[in-house]
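Undergrad: Residues per chain are reported as follows:
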Amino acid sequence: MFEYNFHWRPVFKSLPDLLEAALTTLQVASLAMTAGILLGFILAVSRMRETGLIYWFATTWVELARNTPALFQLFFFGFGLGALGFHLSPYLIVLAGLTFNTAGYLAENFRGGFEAIPSTQLRAARSLGMNPWQAYTRILIPQVMRIVYYPMTNQFVWVVLMSSLGMLVGYRELTGETQFFASKTYRIFEYFAVTAVIYYVMVKVILVLSKFCASRFFRY
Amino acid sequence: MEQTVTVFSGFSAQDLLFLGEAALRTLWISLLSIAIGSFLGGIFGWVLYESKNWGGILVNPVLDIFRSVPLIVQLVLFYNFAPIVGLNLDAFESGLVVLTMYTSALVANVARGGIESVGRSMRIASRSLGMSYWQDMRHVVFPIGTRAIFPSWVGVALGVMKDSALVSVLGYVELVKASQVLITRTQEPLLIILVVGAFYFVLSYPVSRYSAKLERRWSQ
Numbered sequence: 001m002f003e004y005n006f007h008w009r010p011v012f013k014s015l016p017d018l019l020e021a022a023l024t025t026l027q028v029a030s031l032a033m034t035a036g037i038l039l040g041f042i043l044a045v046s047r048m049r050e051t052g053l054i055y056w057f058a059t060t061w062v063e064l065a066r067n068t069p070a071l072f073q074l075f076f077f078g079f080g081l082g083a084l085g086f087h088l089s090p091y092l093i094v095l096a097g098l099t100f101n102t103a104g105y106l107a108e109n110f111r112g113g114f115e116a117i118p119s120t121q122l123r124a125a126r127s128l129g130m131n132p133w134q135a136y137t138r139i140l141i142p143q144v145m146r147i148v149y150y151p152m153t154n155q156f157v158w159v160v161l162m163s164s165l166g167m168l169v170g171y172r173e174l175t176g177e178t179q180f181f182a183s184k185t186y187r188i189f190e191y192f193a194v195t196a197v198i199y200y201v202m203v204k205v206i207l208v209l210s211k212f213c214a215s216r217f218f219r220y
Numbered sequence: 001m002e003q004t005v006t007v008f009s010g011f012s013a014q015d016l017l018f019l020g021e022a023a024l025r026t027l028w029i030s031l032l033s034i035a036i037g038s039f040l041g042g043i044f045g046w047v048l049y050e051s052k053n054w055g056g057i058l059v060n061p062v063l064d065i066f067r068s069v070p071l072i073v074q075l076v077l078f079y080n081f082a083p084i085v086g087l088n089l090d091a092f093e094s095g096l097v098v099l100t101m102y103t104s105a106l107v108a109n110v111a112r113g114g115i116e117s118v119g120r121s122m123r124i125a126s127r128s129l130g131m132s133y134w135q136d137m138r139h140v141v142f143p144i145g146t147r148a149i150f151p152s153w154v155g156v157a158l159g160v161m162k163d164s165a166l167v168s169v170l171g172y173v174e175l176v177k178a179s180q181v182l183i184t185r186t187q188e189p190l191l192i193i194l195v196v197g198a199f200y201f202v203l204s205y206p207v208s209r210y211s212a213k214l215e216r217r218w219s220q
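Protein chains in written order, with our numbering: chain A, 1 to 220; chain B, 1 to 220.
Chain B extracted, bound-state conformation (with noise of 0.2 Å):
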């Protein structure tokens, strides 16, 4: 006899381990990004600081169209042009390309920031000191500067997290990707969204509220 197959089939805990594998993707993706990101992104909001005239007019420029393009228009863009140069990207990395420059260009100017906050009498004591430029950058700027931009670096790092769900768009199988999957399937769509959503939410909300209060303890 036959076996029928139903295209349809309730949420099982199999499901369960599949929404865990795809939220570690989401993680892996992020994490990567932001760590990238930061990294390029400090060394342009240098760039921006250092440079007021022509990092202006060249850099300034290209990060801002990071910032004013929509993500999932800068997403597709590039997962179609990179064919066209000759780079053969899959979705992870093509959504890794475009999120860590997206990070990097969020990044630079909170960086400039940074650098800008560590006060101009403090850096020509330093200087005076005796210390190197890059000295004073290592020992002074650095740790003054990180702290005063950490809340907003964690605004920053957070948002990006939440916007890795765009790139489910190419079809790499992240958390919103994977719980589309499991709503054809299964026609649950409420329960599934529901534990996408709480999955976002119990990472960002604790990081949050601990960045405000060290922002509340820092600013007393």
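Looking at chain A on its own, in the form it has when it is part of the complex (with noise of 0.2 Å):
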């Protein structure tokens, strides 16, 4: 039926190291997102008082993040960044990119988990003698994962499939790691059909974890 001669014997010889750069890529995925929803949380909280420089500086890195590519903003790290005279390595780009887009999607989940909590459980909360702090890490917060949980979720697979663009920045990741492969062999094919199968994997583990710890978490 086809002319091709699939050969796939490389691929599985070099599955180990593919195995190991899907690692790499949950590994910088991971960092990503948290270093993200620290980010996005301290972003959403300055864009509550809508005036002063804070506000601006937050809302300036959400829209920045959400309406450009996040290959674009991957050369922006790299190249943009290393014209002004600070190089940084592949790893980085990678890691700052992702965690500058992730932060400006977060914030906005975030203030709409903010906004969806009636006002009156914060002052519930101060009135019963809790101090901002104790109110929002006892009272808020909880509320709002509720609500951003699979939001979030949904963010972190994204972070996991983002990650892939390590391969144009020089990042060795499973796809970077896929495109050295099948250059040194020519089987791009082959090479690129078993990481495929591996990114739908990790995806689907992805996503059951987070429903058996959503129903850890959420138990009451």
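Calculated from the structure, these hints are not laboratory results.
Note that the structure is predicted; figures quoted are calculated from it, not measured.
Take the hints with a grain of salt, since some may be wrong.
[Stated by the list, open to error] PhoX-like mimics (lysine-lysine), calculated; alpha carbons at most 25 Å apart, straight line: (1) K211/A - K52/B; (2) K13/A - K184/A; (3) K52/B - K204/A; (4) K184/A - K177/B.
[Said to hold, decoys possible] Partial chain B-side listing against chain A, Cβ under 7 Å, derived: (5) S68; (6) V73; (7) V76; (8) I84.
Glycine is no exception: its CB is placed at the ideal position from the N, C-alpha and C atoms.
Two chains, two frames, a set of hints: combine them into the complex.
TA: Pasting the structure below:
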């Protein structure tokens, strides 16, 4: 049927390397996600009071992250900062780009989460004698987490998929590693097919795990 | 006397024209894939809604692949797969096919949500008024459903517009590829990258603001 001979042997030979690169992908994605959650939370809080320098800084960040391609953001951290004299390693470019992007998207999610909670909750907590820190960590954030949990899961999936852009800035995560082997052996289709399967499995595992975690976290 | 040829030359007005042309290509491939992809996505969404059993088994997993594998991997995979089955597609055509399928997979979920958002009693009412199934779809479900999903559809469309940057991997000279060509020649990465980023931002920001405004107005 096909005039093309599939050669899967080189792919299976380098499968251990690919799986290791998949771990690299997960690692950089998890780091970017963690940093993104922290920064996104800070951005969301700093956008609550709608004046001042901090508000404008946070808003600019969020709008830039949401309205330009992730690839452009990676190139900015790569070539753009390079032109200014800051030379980041490919790893740092990917990490910085993904974090910048994720923080922007999550900030909007968090803002929606905070807006969904009646302001009386905060006031009730405060009048019970809690200080702002206690009111946030014990009353508001647990409720916000419930609302933003599934969007956050989706965002993590996006981060894993987005980390494939690392290939274009020379970082050898799963896609970069695949590209490396594919150009060494010219078995481009075979390599990328296997990589697609690995990504698919990774995403499915993440979704199942997050459902399991949700059933543990939100028992009450 | 022989003329000396310099390899690097500065950024000129002609390059701006080159970027503009590339921007048009970005627009063209995004518009085409959003239009065709939304149409297909609407049909897939309807299939998903109407046939919960076999549609969920047959259609959903296929669409799921497009959502769980990085777009860059899909692009490379399809570009190298097409010649195997005897299709001779250039970078634009392969990019268009993949972007269209990607869009339709995203829109399918949105469209199904749209059909579900039309109240059951409303549909029963329209059927009791003597409308046929298709009249009900055309005159009741479609207008109400599209209104409900419009903001998320705009989100998907803008996402595809930004993701079309990845077609540069195949060598299609859209905005990002053009910027890389220019950066290689002029060695002025920061300026060019900012111009490219500004283009995406100018296109995406007003649309997303407008759709957010519409969403607020409709939800009142």
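Undergrad: A separate judgement is required for each hint: does it hold in the structure or not?
TA: Hint by hint, here is what the structure shows:
no. : hint            : verdict
1   : K211/A - K52/B  : 22 Å, holds
2   : K13/A - K184/A  : 13 Å, holds
3   : K52/B - K204/A  : 21 Å, holds
4   : K184/A - K177/B : 24 Å, holds
5   : S68             : 4 Å, holds
6   : V73             : 5 Å, holds
7   : V76             : 5 Å, holds
8   : I84             : 5 Å, holds
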